[in-house]
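**Q** Let chain L serve as the given structure and place chain U on it in line with the hints.
Residues per chain are reported as follows:
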Amino acid sequence: MTQPLLPVADEPAASAVVGARGQDASPRVAWAALAWTLVRTDFKARYHGTFSGFAWALLKPAGIFLVLMVVFSFIFPDPTYKLQLIVGLFLWDFFAESTKTGLASLHAKAFLFKKMRVPLWVLVLASIANPLITLAVFSVVIVGFLSLAGAPPSPQGLALFLVYCAALTLLVAGFSLAASVLFLRYRDLNQVWDVMAQAGFFVAPIIYPLGIVPERLHFYFYLWPPTPIIEFSRAALVSHTVPSLIGHVYLALEVIAAVTIGVLVMRRYGPRAAEYV
Amino acid sequence: MNVLELQSVSKSFWIPDEHRNTVREHLFAAFRPRPLRELRVLESVSLTLRRGEALGLMGANGSGKSTLLKILCGIYVPDAGRVVTHAPVTPILELGIGWNPELDAVDNVYLIGTLMGLSLAELRRDVDEILDFAELRPFARMHLKHYSSGMAARLAYAVAFRAVRDVLILDEILAVGDAGFKQRCEERYRQLRARGHSTIIVSHDPRIISTFCDRALLLERGRFVMDGPAPEVAATYLAHLTRVERTE
Numbered sequence: 001m002t003q004p005l006l007p008v009a010d011e012p013a014a015s016a017v018v019g020a021r022g023q024d025a026s027p028r029v030a031w032a033a034l035a036w037t038l039v040r041t042d043f044k045a046r047y048h049g050t051f052s053g054f055a056w057a058l059l060k061p062a063g064i065f066l067v068l069m070v071v072f073s074f075i076f077p078d079p080t081y082k083l084q085l086i087v088g089l090f091l092w093d094f095f096a097e098s099t100k101t102g103l104a105s106l107h108a109k110a111f112l113f114k115k116m117r118v119p120l121w122v123l124v125l126a127s128i129a130n131p132l133i134t135l136a137v138f139s140v141v142i143v144g145f146l147s148l149a150g151a152p153p154s155p156q157g158l159a160l161f162l163v164y165c166a167a168l169t170l171l172v173a174g175f176s177l178a179a180s181v182l183f184l185r186y187r188d189l190n191q192v193w194d195v196m197a198q199a200g201f202f203v204a205p206i207i208y209p210l211g212i213v214p215e216r217l218h219f220y221f222y223l224w225p226p227t228p229i230i231e232f233s234r235a236a237l238v239s240h241t242v243p244s245l246i247g248h249v250y251l252a253l254e255v256i257a258a259v260t261i262g263v264l265v266m267r268r269y270g271p272r273a274a275e276y277v
Numbered sequence: 278m279n280v281l282e283l284q285s286v287s288k289s290f291w292i293p294d295e296h297r298n299t300v301r302e303h304l305f306a307a308f309r310p311r312p313l314r315e316l317r318v319l320e321s322v323s324l325t326l327r328r329g330e331a332l333g334l335m336g337a338n339g340s341g342k343s344t345l346l347k348i349l350c351g352i353y354v355p356d357a358g359r360v361v362t363h364a365p366v367t368p369i370l371e372l373g374i375g376w377n378p379e380l381d382a383v384d385n386v387y388l389i390g391t392l393m394g395l396s397l398a399e400l401r402r403d404v405d406e407i408l409d410f411a412e413l414r415p416f417a418r419m420h421l422k423h424y425s426s427g428m429a430a431r432l433a434y435a436v437a438f439r440a441v442r443d444v445l446i447l448d449e450i451l452a453v454g455d456a457g458f459k460q461r462c463e464e465r466y467r468q469l470r471a472r473g474h475s476t477i478i479v480s481h482d483p484r485i486i487s488t489f490c491d492r493a494l495l496l497e498r499g500r501f502v503m504d505g506p507a508p509e510v511a512a513t514y515l516a517h518l519t520r521v522e523r524t525e
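For the record, the sequence lines run as chains L and U. Residue numbers for the first sequence follow my numbering, beginning at 1 and rising by one. Residue numbers for the second sequence follow my numbering, beginning at 278 and rising by one.
I should point out that these hints are in silico values taken from the structure, not numbers from a laboratory. Note that the coordinates shown come from a computational prediction; the quantities given were computed from them, not determined experimentally. A hint or two may mislead.
Quick look at which bits of chain U chain L covers, simulated, 3 or more residues with Cβ under 8 Å [stated by the list, open to error]: (1) 296 to 305; (2) 335 to 341; (3) 391 to 403.
Some but not every residue of chain U turned toward chain L, in silico, with C-beta under 10 Å [claimed, not checked]: (4) Leu380; (5) Leu388; (6) Tyr424.
C-beta atoms are modelled at their ideal positions from N, C-alpha and C, and glycine is treated no differently.
With the rest of the complex left out, here is chain L (with noise of 0.2 Å):
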């Protein structure tokens, strides 16, 4: 039996980018179609592909929210507290995760670019998807909890909450962009990471109320980008208040800081990725 031949091509690209030092010399890639089978492909073998192994990695933060429900309630007898730790957990938790993978994804891609050029932010921001999803399944989590316990949430509160997840996204991005171009230099900054998140978490009001801290220190805790994020979400879907202008316009700024300095990060280390894996 004669092997087959393969299929030849469809019609040539058209010409691709003319250019000087570091042009785009790869075959006019998809990025939708490119993003698309990276969060394929990362969910499959983060969990072997079934939604049983999805739902098997969602354990570990909701039995460290019933631990600490369990804990703190005795220490916090508000009875929101429930509410505001699950929020707040929930929130910590897609940011640890998802600045934990995005400062690894370009060391754990570096097969693919190290062979072929590859838009490296397609690989940072595909490797944000899989906690993202995890969020969104949280986040339906939140609002399932929050009506169970009698408080639904407004929709106003809910469209708040989408935009402090999308900023919070935001967020993560930039830092992701920074980061994951900058571990390939310092191979020990996830370790650095580890330490200022497992800090981080105390910082940010998660476990216990912000109340608690001198007014006068706000300021300061704010400065720590998910505190803003996860006291605004309390506030729309708890609280059902709508947090100050003032408080809007520090969060805009962070997340416009954030995104510059990723942006600015990867488009001076970026080019030169492949040298330092």
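**A** This is chain U only, laid out in the frame that chain L set:
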């Protein structure tokens, strides 16, 4: 018409006497100077690839071939000079493509295929033929970590041969697979040439360069020392190698 041009490209790597790869090492040695040695890999190298041309690239190990290919493919950035491309480039470097060992062959074909510019529709349509070409259909659902290097390389050739849209860069072509696979690769290669694709082939094998290339370049210590008809360059390279072996 040129499809690819390299204009006076130079590339050096700076090798530190003392490696500092961590934040800790940088912090503790912040005020200690770190001498760097320059390793010049390419020195003002220029080449052109014309549409439909098959260009061979020969040179001893360490002559700068791999770095040159990576610059051509946009993986490395040159320190000086310009790279101008008028057509998309599909590479197979160092006998392979980057595979994810935790995924099976089908998912890896999708991953690499989309990176090489194939659409999902094209991949869905052709994935079986890609696997057949590589003779790997029975192992389609086996994770790549269980593949031999030869199997992985066959899959790489199959994807690249399917995905190529204009320029194909092959590093050590036909160095993998059995006689049947090599024959199919050669047949596919000729088919691509007949359709007007341009190719760059890197090989140590004078027979391959003479057989498959129109023109060839000989690279020595980061400079081109010969540019001419492929058989002549291949013969010169062979003579040079023989001379080196006798000297040794």
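**Q** Each hint needs a verdict: does it hold in this structure or not?
**A** Status of the hints after comparison with the structure:
1. With 5 residues having a beta carbon nearer than 8 Å to a beta carbon of chain L, the region 296 to 305 of chain U meets the requirement of three or more and the stated coverage holds.
2. Note: the region 335 to 341 of chain U has 0 residues with beta-carbon separation from chain L under 8 Å; the three-residue rule is not met and the coverage is violated.
3. Coverage of the region 391 to 403 of chain U by chain L holds. Counting CB-CB distances below 8 Å, 9 residues qualify, and the rule asks for three or more.
4. For Leu380(U), the interface hint holds, the least distance from its beta-carbon to any beta-carbon of chain L being 6 Å, beneath 10 Å.
5. At a threshold of 10 Å, the smallest CB-CB gap from Leu388(U) to chain L is about 5 Å, leaving the interface hint in force.
6. For Tyr424(U), the interface hint is violated, the least distance from its beta-carbon to any beta-carbon of chain L being 14 Å, above 10 Å.
Hint compliance for this structure: hints 2 and 6 are broken, all remaining hints hold.
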